[in-house]
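S.K.: Starting from the structure of chain S, add chain D where the hints point.
Protein sequences appear in the order of chains S and D. So in numbering that gives the first Met the number 0, the last spot in the first sequence is 212, and the numbers never skip. So in numbering that gives the first Met the number 0, the last spot in the second sequence is 148, and the numbers never skip.
Keep in mind that the hints were calculated from the coordinates and are not lab data. Among the hints, erroneous ones may be present.
[Claimed, not checked] Over the 12 Å line for every Cβ pair with chain S, so calculated as not near, a few chain D residues:
#1 Q30
#2 M32
#3 P33
#4 R38
#5 N39
#6 L40
#7 K47
#8 K48
#9 N56
#10 N57
#11 D76
#12 S96
#13 L111
#14 K133
#15 K136
[Stated by the list, open to error] Label-pair distances were calculated between CB atoms; the ranges are:
#16 S:I2 to D:S96: 48 to 54 Å
#17 S:D107 to D:W104: 53 to 59 Å
#18 D:K85 to S:E114: 40 to 46 Å
#19 D:V112 to S:E96: 40 to 46 Å
#20 D:E134 to S:E68: 36 to 42 Å
#21 S:E179 to D:V112: 42 to 48 Å
#22 D:S96 to S:E179: 36 to 42 Å
#23 S:K176 to D:K106: 22 to 28 Å
#24 D:E143 to S:D107: 50 to 56 Å
#25 D:N105 to S:K110: 29 to 35 Å
From a predicted model like this one, the values you see are computed outputs, not experimental measurements. By construction, the Cβ of each residue, glycine as well, lies at the ideal position given by its N, Cα and C atoms.
So you can see what is in the structure, the chains are spelled out below.
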Amino acid sequence: MVIKVLKNFFKRIFSSIFKNRKDIKLGFYGPPNAGKTSLANRICKDFTGEEMGSISKIPHETRKIQFKEKVEIDYKGKTMTFKMADTPGIATKIDYEDFLKYRVNKKDAKKRAREATEGVIESIKWLDDMEIVVIVIDASENPYNQVNITLLGNLVARKIPVLIVANKIDLKKANIKKIESAFPDYEVVGISAKYGKNIEEFYESIFKLSKKI
Amino acid sequence: MNQYLNFQKKFKMPKEKRLKKFGRINGLSIQFMPYSEIRNLDSTKRIKKILNVVLSNNILIIQGKLKVEEESRLIGDTMAIIGHVKNFKGIELAVISENENKGIWNKIKNSLVKILSKGELGAITIIGPATIVKEIKRNPKKIELLLNK
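Isolated chain S, as found in the complex:
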C-alpha cells in the first residue's frame, strides 16, 4: 500500500515536470481585425524582444499562419514555454472590393482576397493541432457573430481549453459586459493589446488554463 502511494506520488511529480517542459501549443483565433497579431506581438515583445507579424488597419493582414517557437512566459516566478500560432482571421465572406476602400489597387486587392480565403481554410485546418486557444474579439463590436459561436462550438467539441480575450478596451465603444453576457460559460479577459493594458491578467488566465491540458 505504502509503495503504491509513493509510486503514484513520484509519478505525479515526474509527469508535472515533464508537462512544464513541453511547449504548449497556443493558438490565437478570431474574426479579422480583432487584434490577434497585436496580442501575439505584445507577448513576443515582452518575452523574446521580437515581434511576430505585421499589423494593419486593412482586414486580413495576416493571411498565413505564423508560428513562434519557444516563447517562455514568466509570471510571478513561474515559467511556461509556448509554441504560439497567430492565425488568419476567420470570416464567412471575403470581397476584394472591400480592400479597395483602403486604397489597395484592384490587382493587389484580388490577390489579397484570394490569399485571405486560403488563410481561413488554413486556420480551420490547424484548429485540431492546438492545445489552448485564445479567441480574440474586438470589444467595440457586436460579439454575437457566428464566427465566434462556431469557433467556440468546435473547441468545446474538441475539448480544447479556451480563453476569450476582449481586445481594444481602450476604445470608447468597448463593452466588456456585453461580451461577458454573450459568453457566460467562459472566462473573458478585457485587454488592450496595443497599449498593454491588463496584460498581467491575461498571463494569469493563460497559466490557469495551461493546467487544464
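M.R.: Showing chain D alone in chain S's frame:
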C-alpha cells in the same frame, strides 16, 4: 440638399404609385428546408445541398442546426468556392438556438429531443449569399437580416 429634393419628389408622387413602389424587392427568394431533408445525409452531402441552394442566389432557412464540425466545414468550403464561381463573395450565416435555457431538466429534455429527432430541431439556421445578404445582425432578443441594395 439633394436628399431634400429627393424626399420632396417622392412625396409629390401619386399615392397609388407610391404604394406600388413601397417595399418592392426584386428577385429575392427565400427557401425553407425542413430537417427531414438533411437528416439522413452525411456531412459532405448536407453541405453540398446547402451550397447549391445558396449558389442559386437563395436565402436558406433550415429547420435545426448543423453539427459544429459541419459549420466550420461549410465556412471552409465557402472560402474554397470564392474566386471560382463568378460574383460569389461568400455567405452570411446565423444560428438561432433555444439552448440558452439553463438547468439540468432543460438539458435532459433537449438531449432526449435530439436523440429522438436525430438532430437539434430547437434551432433555426439562416444562410444567405453575401451578394444578397449584407449582414445578419443578432442579439439575444432579435435577429435582423440586412439586404444589399
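S.K.: Falls inside 36 to 42 Å, the C-beta gap from S96 (chain D) to E179 (chain S)?
M.R.: The hinted range 36 to 42 Å is violated for S96 (chain D) and E179 (chain S), with Cβ atoms some 19 Å apart.
S.K.: Mind verifying the non-interface call on L111 (chain D)? Its CB should be farther than 12 Å from each CB in chain S.
M.R.: holds (20 Å)
S.K.: Tell me if the beta carbons of N105 (chain D) and K110 (chain S) are separated by a distance inside 29 to 35 Å.
M.R.: Since the Cβ atoms of N105 (chain D) and K110 (chain S) sit about 49 Å apart, the hinted range of 29 to 35 Å is violated.
S.K.: Within 36 to 42 Å: is that where the Cβ-Cβ distance between E134 (chain D) and E68 (chain S) falls?
M.R.: holds (39 Å)
S.K.: Does D76 (chain D) really sit off the interface, with its C-beta more than 12 Å from all C-beta atoms of chain S?
M.R.: violated (9 Å)
S.K.: Should the label of K133 (chain D) as a non-interface residue stand, given a Cβ cut-off of 12 Å to chain S?
M.R.: Nearest chain S Cβ is 10 Å from K133 (chain D), so the label is violated.
S.K.: Could you check the hint for me, namely that E143 (chain D) and D107 (chain S) are 50 to 56 Å apart, CB to CB?
M.R.: Violated: the Cβ-Cβ distance is about 34 Å, outside 50 to 56 Å.
S.K.: Would N39 (chain D) pass as off the interface with chain S, using Cβ distances and a cut of 12 Å?
M.R.: Holds, because the least Cβ-Cβ distance between N39 (chain D) and chain S comes to about 22 Å, which exceeds 12 Å.
S.K.: Do K85 (chain D) and E114 (chain S) keep their Cβ atoms within the hinted range of 40 to 46 Å?
M.R.: violated (20 Å)
S.K.: Using Cβ atoms and 12 Å as the threshold, tell me whether P33 (chain D) really stays out of contact range of chain S.
M.R.: holds (22 Å)
S.K.: Would Q30 (chain D) pass as off the interface with chain S, using Cβ distances and a cut of 12 Å?
M.R.: holds (19 Å)
S.K.: Beyond 12 Å on every Cβ pair: is that true for K47 (chain D) relative to chain S?
M.R.: Non-interface label stands for K47 (chain D): nearest chain S Cβ at 17 Å, farther than 12 Å.
Of the numbered hints stated above, those contradicted by the structure are hints 11, 12, 14, 15, 18, 21, 22, 24, 25, listed in ascending order.
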